[in-house]
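Asker: As a plain string of letters, each chain reads:
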Amino acid sequence: MIEIDNVTKFFREGFFGIRKNAVENLSLLIEKGKVTGFFGPNGAGKSTTIKMIVGLIRPSSGVIKVNGYDSGDFRSRIGLGYLPENPSFPRGLKGIEIINYYGKLLNVKVAKNEIHEALKISGIFYAKDTYTHKYSKGMTQRLALAISILGNPEILIFDEPLSGLDPVGRKEFKDIIYKLKDKGKTIFFSSHILADSKELCDKISLLVKGKLIKNSSLADIEKEAEENKPVQAEYSTPLEEYLYDLMLRNKTEN
Amino acid sequence: MKNILYTILYSFKEIKNSKIFYFFLIFALILISGSYFVSQISFINEGRIMVDFSIFSITIFNVFIGIFIGSSVIYDDIEKKSIFLSITRPVKRVDYLLGRVFGLAVAVVFSTIIMMIIFYGVLLLMHKFVIPARPGAHFSILLLPQPVIIQAVFIIVESVFISAVSILFSLITSKALASILSILIFFIGNTSSKMNALVRPVRGIINGKLQIIHRPNHVLAAIVHFIYAVLPNFSVFNVSTQAAYKVFLSGRMISNAIVYGISYIVVILIIASLIFLRKDLS
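Chains as they are written, first to last, in the working numbering: chain A, 1 to 254; chain B, 1 to 282.
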């Protein structure tokens, strides 16, 4: 379980170091065994929130607890898998060498067949002996996914997992997330593609300009969407239409 | 501890396969192999010239490896976001940093050993400067003199030292600036002791008494003394003159230089760790 309690993150910008809030008073509970979709337009603060959860950046105020540990504590990352947006690897190493290294960092014994299994699930087993600087974007994404699911983590955090993938890759990625969902994993993923929402999520959180606008179960939001059907017809389902409208309104209101 | 070891191995593999590492290594090997031709300009002692030239090549290219790879080893990890997958494992940031630093140190040791083997080979081939392990015996292995071996150890300490400086700078500034600052530190560190000697008052005997005959500008002297006291003094690692003349180095002198280098490295790594712990990796 991940608890985000009244978290604010600001950055200093420009010559005079003007404060700019990336995330503002965010409180969110990511429940165990559920798939939570974290939506919002570009620059909403989704990646910043995820980076705070996985300990890459520190909140300016507030507390984030992962499995009972503060997100800055390395123990909070035991049983946590993370797939960053646009992952990359150093030059001069093969896929298998890289995944072996990350497997060793888990502090638990990871058998060779487990590594092969993760590579097979991610669909990159065939390129395990290829140098990663020769990988395409999709292949790099798949290797990063294999690394994130290595060691059977209970919590999986994916930052824009479908960005940059072709339609086949997107379908395969979604199937992997479905399989992980069936295994009862806690999945938290960010996206700005609304079409991903209904298919994968149990719960939807909507972030606009660093503020949490919505945080409800899929059924509740769908109900709301039916009731408040917006007039535009940009998207195919009322839910997508409703989320788009919420983003648009909050963007212009602020 | 295990995580540090795994990161050392990973970093070493990564550096070993990098183009910049091979570029410096091959260039140094060409210079060492060519030291024989350079020595032909001397009519006194060809072996001495070969040793001097080769030690200079080994030093400068190991320092380049330390500076240029040091300034990019963590900086590129952050820039290219490859650090995201490492730091989000159950790993302490300090362990990761130490693993990267020591991985580079292992690469420096590796390159120094290769350069020294080639250097030894060239000397053996030319039958110059090497000394028999058992003088007077019918058959004896030919070895490098003690000061040459100690110089190799000092090159390793010096290169790891400048790598740590470069990594520290890369955590607070850009890669290019970190390299420039490290080169400056290396240059100042090699000349500060000479500069410090130059700004000392000049004494001479006048009317049978020892008197100060020239006193340099106070401000200039204070600045040079300050630089000498605060910045590292790399000249303690330079024993190339002793190596070229086969002057035996005392254990005390060797241990003092090594302890001096290691102490500085430890202090730099503590500062780098404190910065890295607070750094937002975005």
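Derived by calculation from the structure, the hints in this document are not laboratory data. Please note that a few of the clues may not be correct.
[Said to hold, decoys possible] FRET-style restraints, in silico, Cβ to Cβ: (1) A:Lys179 to B:Phe187: 57 to 65 Å; (2) A:Lys32 to B:Phe187: 52 to 60 Å; (3) B:Val38 to A:Phe15: 46 to 54 Å.
Every residue gets a Cβ at the ideal spot worked out from N, C-alpha and C, and that includes glycine.
Asker: Run every hint past the structure and note whether it holds.
Answerer: Verification of the supplied hints:
The supplied range of 57 to 65 Å is met by Lys179 of chain A and Phe187 of chain B, whose beta-carbon atoms lie about 58 Å from each other. For Lys32 of chain A paired with Phe187 of chain B, a C-beta distance near 58 Å keeps the hint of 52 to 60 Å intact. At about 52 Å, the beta-carbon gap between Val38 of chain B and Phe15 of chain A stays in the expected band of 46 to 54 Å.
In this structure, none of the earlier numbered hints is contradicted; all agree with it.
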